[in-house]
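Going line by line, the protein sequences match chains L and Z.
Under the numbering used here, the first sequence has 42 at position 42, and the numbering climbs by one with no breaks.
Under the numbering used here, the second sequence has 121 at position 21, and the numbering climbs by one with no breaks.
Possibly wrong hints are sitting among the right ones.
Stated by the list, open to error - Below, in silico cross-link-like pairs of lysine-lysine (DSS-like), each with a Cα-Cα straight-line distance of 30 Å or less:
no.	chain 1	residue 1	chain 2	residue 2
1	Z	K176	L	K30
2	L	K61	Z	K130
3	Z	K155	Z	K130
4	Z	K130	Z	K179
5	L	K87	L	K30
6	L	K87	Z	K176
7	L	K87	Z	K130
8	Z	K179	L	K87
9	L	K61	Z	K179
10	L	K30	Z	K130
11	Z	K130	Z	K176
12	L	K30	Z	K179
It is worth saying that the hints were derived from the structure and are not from the lab.
On a predicted model such as this, the values are computed, not experimentally measured, just so you know.
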Amino acid sequence: MEDSVSNTVLVIAFSMLLAALVLAFARLLKGPSINDRIAAMDLIAAVVMGFVLVYSVMINKSIYFDIPVIISLISFIGTVAVSTYLKHRYG
Amino acid sequence: MLAGAFFILVAAIGIVRFKDLYSRLHASTKAPSFGIFLIVLGVSLFFNMPIVYLKGFFIIVFVYLTAPLAAHSIVKSFKDKEKGKSTFFRNNEKQK
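Based on the sequences and whatever the hints tell you, model everything.
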């Protein structure tokens, strides 16, 4: 019990992250403008980072800790690229 | 170790919480970075190794550096669209 996180906590965390992912995906589908969709994609990247971290706790391997570093960098690059493209398009 | 689990729980609550007031673009950026911060803190307390602490520090630094920049560029492109030289996407939105 002291060594591993209890199972109910993992289930609750997974279900909350899943609810967050569903809400963000709904915003991605019916965003009024493109900017809402970009923000929703950024948010989905954050939720996926949370998924990977909780999963690394569940299977008890710390090697999975590398993945969120890469996801954070790539999501930042993607967001800035798309919004810069939109800015040059309208400007 | 169990405190890390509770940190994860609090972080997931924080991520879920803000999503309903999503109509503002601003509010969508601060809450996930704080949630990611709490998740990373909990998981690195769970593993309790130096390399994991180092990677967690890197994750937190990257998230807190890049989230305001991303929000700034989103809002800036949105304001450029509001000025509206081109009307292509605006006509597209009216059709929906």
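Results for each hint:
1. Z:K176 / L:K30: 21 Å, holds
2. L:K61 / Z:K130: 29 Å, holds
3. Z:K155 / Z:K130: 21 Å, holds
4. Z:K130 / Z:K179: 20 Å, holds
5. L:K87 / L:K30: 21 Å, holds
6. L:K87 / Z:K176: 8 Å, holds
7. L:K87 / Z:K130: 23 Å, holds
8. Z:K179 / L:K87: Satisfied, since the Cα-Cα distance of roughly 9 Å is no more than 30 Å.
9. L:K61 / Z:K179: Between L:K61 and Z:K179 the Cα gap is close to 45 Å, so the pair fails against 30 Å, i.e. violated.
10. L:K30 / Z:K130: Holds, at about 22 Å.
11. Z:K130 / Z:K176: 17 Å, holds
12. L:K30 / Z:K179: Holds, because 20 Å separates the two Cα atoms, which is no more than 30 Å.
Hint compliance for this structure: hint 9 alone is broken.
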